[in-house]
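Here the structure of chain F is known, so what remains is to put chains D, G and U in place on it, guided by the hints.
Protein chains in written order, with this note's numbering: chain F, 218 to 558; chain D, 218 to 558; chain G, 218 to 558; chain U, 218 to 558.
Facing chain F, according to a computed beta carbon distance under 10 Å, are these residues of chain G, among others:
id, residue
1, 294
2, 295
3, 305
4, 306
5, 313
6, 315
7, 316
8, 319
9, 321
10, 343
11, 349
12, 351
13, 529
These are computed hints drawn from the structure, not numbers from a lab. Remember, it's a predicted structure, so these values are computed and weren't measured experimentally. For each residue, glycine too, the CB sits at the ideal point set by N, CA and C.
There are 4 protein chains.
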Amino acid sequence: MIYFDSDYMAGAHPEVMARLAETNGEHTVGYGCDGYTKKAAGLIREACGQEDARVYFLVGGTQTNATVIDGILSRHEGVIAAESGHINVHEAGAIEATGHKILTLPSHCGKLVASEIKAYIDNFYSDDTYEHMVAPGMVYISFPTEYGTVYTLEELTAISEVCHDAGIPLFIDGARLGYGLAADGNNVTLKNIARLCDVFYIGGTKVGALFGEAVVITNPDILKHFFPLIKQHGALLAKGRLLGVQFEALFTDGLYERIARDTVRKALRLKEAFKAKGYPVEVDSPTNQQFFKLPNEVIDRLRENASFEMWGPRGETESVVRFVTGWATTDADIDTLITLL
Amino acid sequence: MIYFDSDYMAGAHPEVMARLAETNGEHTVGYGCDGYTKKAAGLIREACGQEDARVYFLVGGTQTNATVIDGILSRHEGVIAAESGHINVHEAGAIEATGHKILTLPSHCGKLVASEIKAYIDNFYSDDTYEHMVAPGMVYISFPTEYGTVYTLEELTAISEVCHDAGIPLFIDGARLGYGLAADGNNVTLKNIARLCDVFYIGGTKVGALFGEAVVITNPDILKHFFPLIKQHGALLAKGRLLGVQFEALFTDGLYERIARDTVRKALRLKEAFKAKGYPVEVDSPTNQQFFKLPNEVIDRLRENASFEMWGPRGETESVVRFVTGWATTDADIDTLITLL
Amino acid sequence: MIYFDSDYMAGAHPEVMARLAETNGEHTVGYGCDGYTKKAAGLIREACGQEDARVYFLVGGTQTNATVIDGILSRHEGVIAAESGHINVHEAGAIEATGHKILTLPSHCGKLVASEIKAYIDNFYSDDTYEHMVAPGMVYISFPTEYGTVYTLEELTAISEVCHDAGIPLFIDGARLGYGLAADGNNVTLKNIARLCDVFYIGGTKVGALFGEAVVITNPDILKHFFPLIKQHGALLAKGRLLGVQFEALFTDGLYERIARDTVRKALRLKEAFKAKGYPVEVDSPTNQQFFKLPNEVIDRLRENASFEMWGPRGETESVVRFVTGWATTDADIDTLITLL
Amino acid sequence: MIYFDSDYMAGAHPEVMARLAETNGEHTVGYGCDGYTKKAAGLIREACGQEDARVYFLVGGTQTNATVIDGILSRHEGVIAAESGHINVHEAGAIEATGHKILTLPSHCGKLVASEIKAYIDNFYSDDTYEHMVAPGMVYISFPTEYGTVYTLEELTAISEVCHDAGIPLFIDGARLGYGLAADGNNVTLKNIARLCDVFYIGGTKVGALFGEAVVITNPDILKHFFPLIKQHGALLAKGRLLGVQFEALFTDGLYERIARDTVRKALRLKEAFKAKGYPVEVDSPTNQQFFKLPNEVIDRLRENASFEMWGPRGETESVVRFVTGWATTDADIDTLITLL
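Just chain F, with the same shape it has in the complex (with noise of 0.2 Å):
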């Protein structure tokens, strides 16, 4: 059996799960306030080409949502997301679940476009009855978005122009970062990311670690007081330094770029493979996931050797599927699959 289920299906790259081993029995502080996690830090903010980026390390992406746009928002405000945004589909109701609304805008390919924001937030001050609604506290977008696709550097400062026109924080979750990064035909870069939004998280958990999600606040005046929210929201990880450890590992040598390219490689591969054998794509993905639509036949005689999910309900004829690759994917498995096309 191959698989393409997930980014998240194996465990962690093997150079990081070599410096896990090695430390494994060393003796530290715990909540990430140990040299580890100072150092993964640092190495961030150097990457971000921001020295004075506060750094949080937490355990995966719901509670990074939720603690971050908890502690952003105000109470009488809301969170733009596009209708199809993480946060406002699978998260169980995790933000209204700290109280919050979550405000949607039309999903172009699970983007947001930059005057939509703007009109939305021009209209919503031109209503007299807008003290008697949710008011516009900040901006979500993801990057790569959950269909793989990528904000151009245009799209983004464009966002980012109108959010900080409009006094409202820029966060980007940025749970599959570095397949966005590696995606091809990117022009946004590590630092463009950190420079355009006010903070943004480098997922871990999908692009080679055990778990790990490091959130970088750029903007000082936002999330004063992140740590105690981290706790209060159940997100901080009593051996805080197996973060650190994870992502000093994924920082050094360009680990971390080096799992996205590759992994990004393989997903082009496999596109091209659908292409060639006239299978339309359905979203045109630059990074490692991938969403073909393919007769149901097809569908079922793929399943019998390899391992995907149904994107959306089974169709009549024809259904989408999601192929998605990972640290672990190897080009055999693609070569497989080929052969199983």
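Below, chains D, G and U without anything else, positioned relative to chain F:
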């Protein structure tokens, strides 16, 4: 330097780490739906003597407490706990953040007393204005407590009866459960715990795992929709099998008990050494946390070679300190400490 | 100046005000435990044909919606509502502030459609990832809707059946219930409402009272601890008998119906006048709220002598406006408006 | 029967009721944007000697406390209050429902002591683990307290200084403010109150209004978006001018003070009568609430002709009772009570 700050300073017990390394490259489905997690749940059900118990694995203690308590309580209810309870002191308001009041009762070396719980509930309902107050909806205790003490089987049975007579669930925080079961003079078994409460958890983080807490729900009428709550609380690990692999290891060949017994044995060696030197025991703990009152100059001298925590503020001439052992504490560490005393 | 802004511009209907004045000096116990409140509850039970219904009186609509919805939903559940629902648009996030997502469906002139509710629920549970999403835990509709429209008995019955088949409660926001029952062509009675839903409220604020909403709970299995929830939500009036006195007046000698019928009659006179002048009706409302599309110069001219609200932003040449009648609107006011058209 | 249960048993003071009746038929805009409300706000600003204060009118005390506290606190903060504080005891968990812990300090006949507040804050920040605990974010006191006692100007000034030194707001619950200002021996003025705290409210419900609490915000840096919070908390009255009309009446010709002084005078007559009979005063209250310890047979005898509340459980031979006067208490009522003693 020798370390006695806490039981979460080192990584995982080598047998646990070995299993993580062995299984690292495998592909499994996420979110705890894999075979390792199912097997670990089965081993735990067996150890608890509860064939029908539902078992879930979360990452850390604070998130487990918040998820369980939020899931059990109705909106008008609060949770009874000792003043000294972890949820009341050291979880940054995680319970209140879910909308619930903690109804505190006096702490008797960390423990609640059945008769005081009963009196509280009786007084509550005999007050004419009780519908203007927060109703007691469950009881939270820890085993062992934050002071390292344990309930006797008789005490626990009495609390269980009070709860069941009042129709409210009993929840046991077992973040250090192993050390309680292995405590000097303890007459409570894991099966007793499972039978006497409605839900409890078996702490992994502090007893040999990298992280992880196994929630065991024995009352079929509570927490019927626990999975989405775990997700909503940000407590669902994407690579969920990491929890399954660790708990499978801990519940194979009695590893969990072995770790706990050996760790408690070392703590009691340490306790005897302090007592032999004439230093008063602050709390008479039979588990892996030990509390002593030491002259400040002794504290300062020890600190040159040993790491440990102050327990409360520094006094004028003497102060209370905490020494904790863990799986990674060695007999050599204890020997060294004894020579330093 | 003549006023058509809303139905909460004047005080209470004179018969209600008279009763408040007559009883003003009396001493009664607080919090709705007085005889007036008990009597009003009895009158309402009788009018609803529901002898066992529990009746509570709250002050305003938003607090009633939040208290009922928060009381019904489990933590992992959300409430289905129309995009245009008052709880989704104009309650400043009151529902989300209690921790719950609003699951929106398309608005058909303010109404939900039974088949779309059913499809939503069916699709939800057929999605493999449904435990990562917010479960539909109840349905919220308004009668009449925010657009003044009403459900037919057939439509309401179909929605009720979908809810009961799915095992989730149906809640009807009756902030303007009287006007719905008095609507032109309406075939739904108060007894139908009470029978078809699990909980609803009879709006007083907009139908002749100073303030007040009467919550009627017909399903004995929900909202079992509603009193402390009212208190917790800050919705418990200290001088609770003020609500009892008002609703006793409204449900004596058919005052509630009389107010509603007369108010709707005046709205329909107004509607005919606009139609006679050739101004298009924006929403074909049979109740006391009327929506027209008017040339901007007509709007500007009318505004010199009449007060009313814009409905949405001002268009380039024409805009939508809302005219609302209330108990204090007179036929003379309508006559004056007609001469102004 | 004569009534001493509480100060919210009768309707509004006749002068207030008269103004409601006079203005009943007028049309005004809703939600407190009308002229009466503006005028009332102006009168209150003047009475407080705070020209720039922002004044809002809410319906009841619990909702006011929850809205103010939720609006001030950051997510990681709690509110310091006396154990006996209304928010801690009798608001059904309304504060915790907004996500915040109440940090209790000992009650000294209902009062906090400045030095104990300071010690709490100092100890908090000197604890190494303070970021794992709930930070003190504001102080809540009541004037007069739940026991009818009042702070001296010196005590209040000291608390104010502690708060301002610590950089946290002071909030005064003035549900019975008038009675505190009119208290026997009181040396605190309304202007003192307004100057020494950051936000407080002037209770109407218990001092002559049908309902209503006037929130006065004197610190320009807090509660900047209070209006949408009022709406979100369900505390925004649709016919908002009812609050304006009442407070305009209360702050015209010194009515608020007249009601308070006369009510306190009657309470003190009552107190003297009890003392003259030799019944011990339980709390030495200078305001309209009086607490006595009476033999149970006296209680039973009095209850045949007078209505009043038990204060705590019935004792074996004697019990504590509360007698409260209000605007509707007459000197004849006191005379009757005296003959009954």
